[in-house]
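Participant: So the chains spell out like this:
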Amino acid sequence: MAAVVLAVVGASAGLLGSLMGVGGGVIVVPALSELFGVPFRGAVAVSLVAIIASSSASSAAYVGRGASDLKVGVVLELATVSGAILGSSLAGLAPVRVLKLLFAAVAFYSAASLWLRRHGTSEAQAVGAYAVRGWAPGLAVSAAAGALSGLLGVGGGVFKMPVMTLAMGLPFKVAAATSNFMIGVTAAAGAYVYWARGDVNAELAAPVVVGVFVGARLGTTLLPKLPAKGLQLAFAGVLVLLAGRMVFTVLAGGP
Amino acid sequence: MNRAVSLALWAGTLAGVGLCAAATAAHALGLAVAARLAWLGVLAILLTPPLRLAVTAGAFWREGARRYAAAATAVLLALVAAALRAARP
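Order-wise, the sequence lines are chains A and B. For the record, in the first sequence the residue sitting at position 81 is 81 according to the numbering used here, with numbers rising by one throughout. If you count the second sequence from 1, you need to add 255 to reach the numbering used here.
In short, the hints are calculated from the structure, not lab data. Among the hints, erroneous ones may be present.
Derived list of chain A stretches under chain B, where covered just means 3 residues or more per stretch with a C-beta under 8 Å from a C-beta of chain B [claimed, not checked]:
#1 105 to 116
#2 148 to 155
#3 165 to 175
#4 230 to 243
A few chain A positions that, by computed beta-carbon distances, are all more than 10 Å from chain B [to be verified]:
#5 LEU70
#6 LYS71
#7 VAL75
#8 LEU218
#9 THR220
#10 PHE248
All values derive from a computational prediction rather than experimental measurement. C-beta: ideal position from N, C-alpha, C; glycine also.
Throw the hints in and build the complete structure from the sequences for me.
Facilitator: Written out as structure tokens, the structure is:
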């Protein structure tokens, strides 16, 4: 497969992910497995490597500005990393059809979350003093998000964000920056397990990583100039189509 | 602290993405070195999270936030254990 085409897939994922505030994995995995015929676990492994690169780049900027709560981040990482190691180990045992259906469910949830968020104003919430509470639900949801990241190659931010803002009391911007900081570490824990199983194809991953990195940087630049609400609806539609195709291929007896 | 962690993140990311870009260009040009560059690029990216955790743990320790330094070290050890298992032939 041409490296340039893979780079374009990665750039699309990075751009859309950056514009929509979700990880690129929810696009990279179905694009590689459904449109390019890459084995599902191989697509997940490539996605995890790409997530580390894009998360590291964006969290470098967030951390540099002091926007991330590193104390909350390292404590929740105890749960996400444990979940990711468990999830990625289970991914080697679970039937691919089950993994694909689970992935489709996560993609539908992400699309619904984008749909509901189009009227939200929480992004504009000011960052003032806050007291962190609700550690138990935070740790529980982080462990589940880590497991899904390891199983399916997604960042898991779409699950962590609600609990960090609603249950733990973090302002939206702090929660987003902290979640971004955590995603790369979580993805690394999963990626090591995939690497141990021989699922990481470096030649496949390299162009996707470059594309995701460039797309994410471009998205950050374009974000203030584009109509966010319309894009969120369009992106939700793309997710539903990709997830729907995944469900269809599984139900039609595909791999 | 934030500056040290941010620098660690940038260093690993730019090294990894740079090597991956070189691998992509080499692949497009049909050069045999593409596979080795891609492997090195992915390796650099995979090593960035432990690097960032080590810097974070060290920074917490220097600030006297021992509990958070311990949490970061525990996560780092879990990652290193998973990485060593992955590196086993």
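Participant: Confirm or reject each hint.
Facilitator: Structure-based check of each hint:
no.	hint	result
1	105 to 116	violated (count 0)
2	148 to 155	violated (count 0)
3	165 to 175	violated (count 0)
4	230 to 243	violated (count 0)
5	LEU70	6 Å, violated
6	LYS71	5 Å, violated
7	VAL75	5 Å, violated
8	LEU218	14 Å, holds
9	THR220	14 Å, holds
10	PHE248	32 Å, holds
Comparing the model with each numbered hint stated earlier shows that hints 1, 2, 3, 4, 5, 6, 7 do not hold.
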